[in-house]
Amino acid sequence: MESLQDIYNSLGDIYEVSEIIASRPNILPALANLLVKVMLDKVYDIRLNHKHFDIAGSEQVLLAAEGIYPISHGALRPSDLLVKDGAAIPYEFTYTTNNPPPEPSSEFLESWCSILRAEGVEGLLGLSIRGNSVPAIAHEVSDPENRVNRLVFGDDAA
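To convert, count from 1 in the sequence shown and add 28; that's the working numbering.
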């Protein structure tokens, strides 16, 4: 099995992957319909699988919430899943007090992959656990040289 480092570092740049998906307008509605059909649309969002920077073998990519606040319990859990070859592979993580969501069934994952495979883009769109994602009002700005991805809000997002 591939290591997390190999999986993450093999992901494409956000702009390249976005361009590929934009040229196939039927994919997002098909995946959204599948999520609704199996009633996972309240649990998962569609995720554009991309990397922000390369990671070393001992590293994981962690989505950090805005602000600093105390919590009494929590756990490191997957936030984003690469869906490929009928499997869901965690590749980005978050520290959260939320319970883990239900795991997608193998039938669902096969259907997801089948939709992407038909368009030649398997592995480019995965799943993001709702509530752990980038806020809709934020824009991601990657700085691969410094190995950080910042969230920019409001007028700063332009």
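Keep in mind the hints are simulated off the structure, nothing from the lab.
Computed from a predicted structure; not experimentally measured.
Glycine residues also receive a C-beta, built at the ideal position from the N, C-alpha and C atoms.
Check the hints yourself; a few may be wrong.
Unchecked claim - Listed next, with one range per pair, are the computed distances between beta-carbon atoms:
id, residue 1, residue 2, range
1, P53, E138, 20 to 30 angstroms
2, S100, A50, 16 to 26 angstroms
3, S100, N37, 31 to 41 angstroms
4, H101, A50, 36 to 46 angstroms
5, N61, H101, 33 to 43 angstroms
6, A50, R145, 14 to 24 angstroms
7, S100, S46, 31 to 41 angstroms
8, K65, S86, 31 to 41 angstroms
9, A103, S51, 35 to 45 angstroms
10, S100, N54, 42 to 52 angstroms
11, T125, E47, 28 to 38 angstroms
12, Y123, S51, 20 to 30 angstroms
13, D69, A115, 12 to 22 angstroms
14, V71, D113, 14 to 24 angstroms
For each hint, the structure was consulted:
1. A hinted range of 20 to 30 angstroms holds for the C-beta pair P53 and E138, which are about 23 angstroms apart.
2. A beta carbon spacing of about 43 angstroms between S100 and A50 contradicts the range 16 to 26 angstroms that was offered as a hint.
3. For the hinted restraint 31 to 41 angstroms between S100 and N37, the CB-CB distance of approximately 35 angstroms keeps it satisfied.
4. Separated by about 41 angstroms at the C-beta atoms, H101 and A50 satisfy the suggested range of 36 to 46 angstroms.
5. Our hint of 33 to 43 angstroms for N61 and H101 holds, since their Cβ atoms are close to 37 angstroms apart.
6. With their beta carbons about 19 angstroms apart, A50 and R145 fall inside the hinted range of 14 to 24 angstroms.
7. A hinted range of 31 to 41 angstroms holds for the C-beta pair S100 and S46, which are about 39 angstroms apart.
8. For the pair K65 and S86, the supplied restraint of 31 to 41 angstroms holds, since their beta-carbon distance comes to about 39 angstroms.
9. Taken as a hint, the range 35 to 45 angstroms holds for the pair A103 and S51, whose Cβ atoms sit roughly 39 angstroms apart.
10. Judged by the Cβ atoms, the range 42 to 52 angstroms given for S100 and N54 holds: they are separated by roughly 46 angstroms.
11. Between T125 and E47 the CB atoms are about 37 angstroms apart, so this pair conforms to the stated range of 28 to 38 angstroms.
12. For Y123 paired with S51, a C-beta distance near 36 angstroms fails the hint of 20 to 30 angstroms.
13. Between D69 and A115 the Cβ separation comes to about 21 angstroms, which falls inside the hinted range of 12 to 22 angstroms.
14. At roughly 22 angstroms, the beta carbons of V71 and D113 sit within the given window of 14 to 24 angstroms.
In this structure, the earlier hints numbered 2, 12 are contradicted, and the remaining ones agree with it.
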